[in-house]
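Q: The primary structure of each chain is shown beneath.
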Amino acid sequence: MHKLMVPFGPAHPALPEPVYLKLFLDGEEIEDVDFSVGYNHKGIEKALEETDYFKNVFLSGRICGICSSAHSTCYTLGVEKLLNIEIPDKAKFIRVIVSELERLHSHLLWLGLLGHEMGFDTLFMLAFREREYVLESLELITGKRVVHDINMIGGVRRDLSHEIMVKLVKNLEILEGKVEYLRKLVRKDSLIRRRTLRIGKLDKRDVEELCLVGPVARASGVLYDIRRADKYLAYDDLNFKIVTQKKGDASARTLVRVREMLESLRLARLAIAFIEPGPIKVKPFLIFPEKEVISRVEAPRGELIYYIRSNGTDKPARVKIRTPTYANLISLKKILVGHTLADVPVAVASLDPCLSCTDRVTIVKNGKEKIIKWEDLHDHEHH
Amino acid sequence: MIMSIIEILFIPIFLGFVYEGILRKVAARMQNRVGPPIWQPLLDFIKLLSKESFEVIGSHHFLISFLSILAVASLLVIVFTFPFVSLLNFRWDFILVIYLLVFSTACFILAGFSFPSPYPLIGSTREITLLLAYELPLIIILLFFGMSYYSLLLLPENLIVSFPLFFTAFLLITQAKLGYQPFNIGEAEQEIVAGYLTECSGFELAMFNLAKSLRMFIMISLASILFFNFKNIVAFVLSSLIILFFVILLRVTLARFRIDQGFKFLWLVSIPLILIDLIRAML
Numbered sequence: 097m098h099k100l101m102v103p104f105g106p107a108h109p110a111l112p113e114p115v116y117l118k119l120f121l122d123g124e125e126i127e128d129v130d131f132s133v134g135y136n137h138k139g140i141e142k143a144l145e146e147t148d149y150f151k152n153v154f155l156s157g158r159i160c161g162i163c164s165s166a167h168s169t170c171y172t173l174g175v176e177k178l179l180n181i182e183i184p185d186k187a188k189f190i191r192v193i194v195s196e197l198e199r200l201h202s203h204l205l206w207l208g209l210l211g212h213e214m215g216f217d218t219l220f221m222l223a224f225r226e227r228e229y230v231l232e233s234l235e236l237i238t239g240k241r242v243v244h245d246i247n248m249i250g251g252v253r254r255d256l257s258h259e260i261m262v263k264l265v266k267n268l269e270i271l272e273g274k275v276e277y278l279r280k281l282v283r284k285d286s287l288i289r290r291r292t293l294r295i296g297k298l299d300k301r302d303v304e305e306l307c308l309v310g311p312v313a314r315a316s317g318v319l320y321d322i323r324r325a326d327k328y329l330a331y332d333d334l335n336f337k338i339v340t341q342k343k344g345d346a347s348a349r350t351l352v353r354v355r356e357m358l359e360s361l362r363l364a365r366l367a368i369a370f371i372e373p374g375p376i377k378v379k380p381f382l383i384f385p386e387k388e389v390i391s392r393v394e395a396p397r398g399e400l401i402y403y404i405r406s407n408g409t410d411k412p413a414r415v416k417i418r419t420p421t422y423a424n425l426i427s428l429k430k431i432l433v434g435h436t437l438a439d440v441p442v443a444v445a446s447l448d449p450c451l452s453c454t455d456r457v458t459i460v461k462n463g464k465e466k467i468i469k470w471e472d473l474h475d476h477e478h479h
Numbered sequence: 003m004i005m006s007i008i009e010i011l012f013i014p015i016f017l018g019f020v021y022e023g024i025l026r027k028v029a030a031r032m033q034n035r036v037g038p039p040i041w042q043p044l045l046d047f048i049k050l051l052s053k054e055s056f057e058v059i060g061s062h063h064f065l066i067s068f069l070s071i072l073a074v075a076s077l078l079v080i081v082f083t084f085p086f087v088s089l090l091n092f093r094w095d096f097i098l099v100i101y102l103l104v105f106s107t108a109c110f111i112l113a114g115f116s117f118p119s120p121y122p123l124i125g126s127t128r129e130i131t132l133l134l135a136y137e138l139p140l141i142i143i144l145l146f147f148g149m150s151y152y153s154l155l156l157l158p159e160n161l162i163v164s165f166p167l168f169f170t171a172f173l174l175i176t177q178a179k180l181g182y183q184p185f186n187i188g189e190a191e192q193e194i195v196a197g198y199l200t201e202c203s204g205f206e207l208a209m210f211n212l213a214k215s216l217r218m219f220i221m222i223s224l225a226s227i228l229f230f231n232f233k234n235i236v237a238f239v240l241s242s243l244i245i246l247f248f249v250i251l252l253r254v255t256l257a258r259f260r261i262d263q264g265f266k267f268l269w270l271v272s273i274p275l276i277l278i279d280l281i282r283a284m285l
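Chain order of the listed sequences is V and X.
Residues in the first sequence are numbered consecutively from 97, following the working numbering.
Residues in the second sequence are numbered consecutively from 3, following the working numbering.
Please keep in mind that the hints were generated in silico from the structure rather than gathered at the bench.
Just to be clear, a hint being listed does not mean it is correct.
[As the list claims (entries may be wrong)] Pairs of lysine to any residue residues, derived as SDA-like cross-links and limited to a Cα-Cα distance of at most 25 Å, are as follows: (1) Lys266(V) x Arg225(V); (2) Lys99(V) x Trp269(X); (3) Lys343(V) x Arg301(V); (4) Lys284(V) x Ser61(X); (5) Lys284(V) x Val58(X); (6) Lys300(V) x Leu425(V); (7) Lys284(V) x Leu173(X); (8) Lys138(V) x Arg418(V); (9) Lys263(V) x Ala369(V); (10) Lys387(V) x Arg414(V); (11) Lys99(V) x Ser61(X); (12) Lys27(X) x Met221(V); (13) Lys284(V) x Ile250(X); (14) Lys274(V) x Glu304(V); (15) Lys416(V) x Glu145(V); (16) Lys240(V) x Leu281(V); (17) Lys280(V) x Ala30(X); (18) Lys266(X) x Asp285(V).
If we strip away everything but chain V, and leave its shape as in the complex, we get (with noise of 0.2 Å):
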């Protein structure tokens, strides 16, 4: 039969990010997938070597806007291990806090989207009605909705007083029923199980193999959390479980964020009953040695690493980041091949892909993709 070749984005209604999908199919059947990124190159990286450590970290939380303060943690909790310095504790819990609402958050518009891929868009307006709450949480502790920037080096830039978590507490009462309520939704409602069971399946050994992270990790078994693994921040203090599925199908991978959700508003109250009073933040002592450090920190979709290089000067030499959808959009081929053009929505959000911080500059002359070496891109700078 002759095979059809179905672009899927970079702008399509299905995927809001910015992905080309070259899918070749047979009939309905996925045969082949090619996929290529690099349409939303913002040179993010670059643009923290020409700013001072300071100023970065609201630049790191700009990255992305749904994971947007677990950047700026991962960032600032970098340079703190390159300064040496230890936050207070309150500090800690009000980032623990951050972080878990924002996990929250981020799953709640994910499951939306799952619900809009399978032509469910009820599930998506009752998802996004939910997550109002947590926006109105979060601006109630950091006084914005979606980047938050409560991080600075050092601790954080805002106190969380008596009325706000009394006010916190209410709201998270009130999204446990929301949560549980969609769980049970997830759960039991048969045509969203027809359309993720057995669907983009991955099991143990394709994760390990592949190096999977995050929650799609954890739908297979595979027990890894950074929260767990690195403990930091106040991780250490607080009991959580980590939620995990044999499966590794997309249906799954829906389980385990919606459970995911709930361990998070355990967490966030856990934070919100050990906070005692303190200070926030303390007066970091401003020389920068000369010193590489990694810092990790567990993201809604994955583990999230940044690699920091000191030369000693007040701009850092170099900042890597490396992305949970990076690591986990390699699974793309694995899910996809031998399933319907009908699954790929689907299963390519059961990964929760979001490219805008995963993105690589990609080179593009006369039709053909070219790749520069690290000496070149020097050079090129300097012209």
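With chain V fixed as given, assemble chain X onto it according to the hints.
A: This is chain X only, laid out in the frame that chain V set:
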């Protein structure tokens, strides 16, 4: 009651737009949104008419315009067989209804096939597959009524009491025919953009949208005539609105089937439902 031709042409179009407006508004309220005003489909139609219609390279532009008009016309002819209008009521007018309903869908499918683009191609292929699944139950229901009562004009009132399962199956078929959840497979926007209408624009798109609204009016009126058949026009509209509510409810509360699942579901659910009622009627 005999209406003039103008009324027969305009009332269905008007009601089609109103039904679609109600559908959009009620669905929006169910989804916690505000939703557009009820006359929005009419405004969309007028605006689309004023837009340029692009000629896609490699497509048969004249054929597509022609098909879009045919889709509307074939649906309007169905209205002539309705009891309120009764211009075309004759013995076996059920067969005419079956034929015209398939014909209008065929216009959509053919239009999709005349574009050299993968999205309409896949949309049309899917629509054909779905057509094979829902057309047989629809034909069984209509032919059974045709054989029992000869003409739409002679249908008794409240057939829903004796054929409740027919009604259930008809609701499913309506959903598939109208391309709403769970059967909006042929125009699944997340997979194939707008399915068979992806490349349409301007006049053709306006006409196809009009045909969609009309199709909704006709399927809902047909359900109302077959299963309630109130002679009073107010009761008729009320029963139509109740059926419309069911259409909206299914559309809002369900996700989309994959094509194989949808096909299996239609065969495995609607055919047994119909057979049970058929056997009951024969005993």
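Q: Each of the hints needs a verdict: does it hold here or not?
A: We went through each hint and held it up to the structure:
1. About 17 Å separates the Cα atoms of Lys266(V) and Arg225(V), which keeps this hinted pair within 25 Å; it holds.
2. Straight-line distance between C-alpha atoms of Lys99(V) and Trp269(X) comes to about 29 Å, which puts the hinted pair past the 25 Å bound.
3. Between Lys343(V) and Arg301(V) the alpha-carbon distance is near 12 Å, which keeps this suggested pair within the 25 Å criterion.
4. Annotation: proposed proximity of Lys284(V) to Ser61(X) is violated, straight-line Cα distance about 45 Å (limit 25 Å).
5. Between Lys284(V) and Val58(X) the CA atoms are separated by roughly 45 Å; this puts the pair beyond 25 Å, and the hint is violated.
6. A hinted pair counts as satisfied when its Cα atoms are at most 25 Å apart, and Lys300(V) with Leu425(V) qualifies at roughly 17 Å.
7. Between the alpha carbons of Lys284(V) and Leu173(X) the distance comes to roughly 23 Å, so the proposed pair stays at or under 25 Å and holds.
8. Only pairs whose Cα atoms come within 25 Å are accepted, and Lys138(V) paired with Arg418(V) is accepted, the gap being roughly 15 Å.
9. For the hint linking Lys263(V) to Ala369(V), the alpha-carbon distance of about 13 Å falls within 25 Å, and the restraint holds.
10. Between Lys387(V) and Arg414(V) the alpha-carbon distance is near 11 Å, which keeps this suggested pair within the 25 Å criterion.
11. A C-alpha spacing of about 20 Å is found between Lys99(V) and Ser61(X), which places the hinted pair at or below 25 Å, so the restraint holds.
12. Taking the CA atoms of Lys27(X) and Met221(V), the gap is near 15 Å; set against the 25 Å cutoff, the hint holds.
13. Using a Cα cut-off of 25 Å, the hinted pair Lys284(V) and Ile250(X) holds, with the two alpha carbons roughly 21 Å apart.
14. For the given pair, Lys274(V) sits about 34 Å from Glu304(V) by alpha-carbon distance, which is inconsistent with the 25 Å threshold.
15. With a CA separation close to 10 Å, the supplied pair Lys416(V) and Glu145(V) stays within the 25 Å bound.
16. At roughly 30 Å between alpha-carbon atoms, Lys240(V) and Leu281(V) are farther apart than 25 Å, so this suggested pair is violated.
17. Among the hinted pairs, Lys280(V) with Ala30(X) is consistent with the structure: their alpha-carbon atoms are about 23 Å apart, no more than 25 Å.
18. Straight-line distance between C-alpha atoms of Lys266(X) and Asp285(V) comes to about 18 Å, which keeps the hinted pair within the 25 Å bound.
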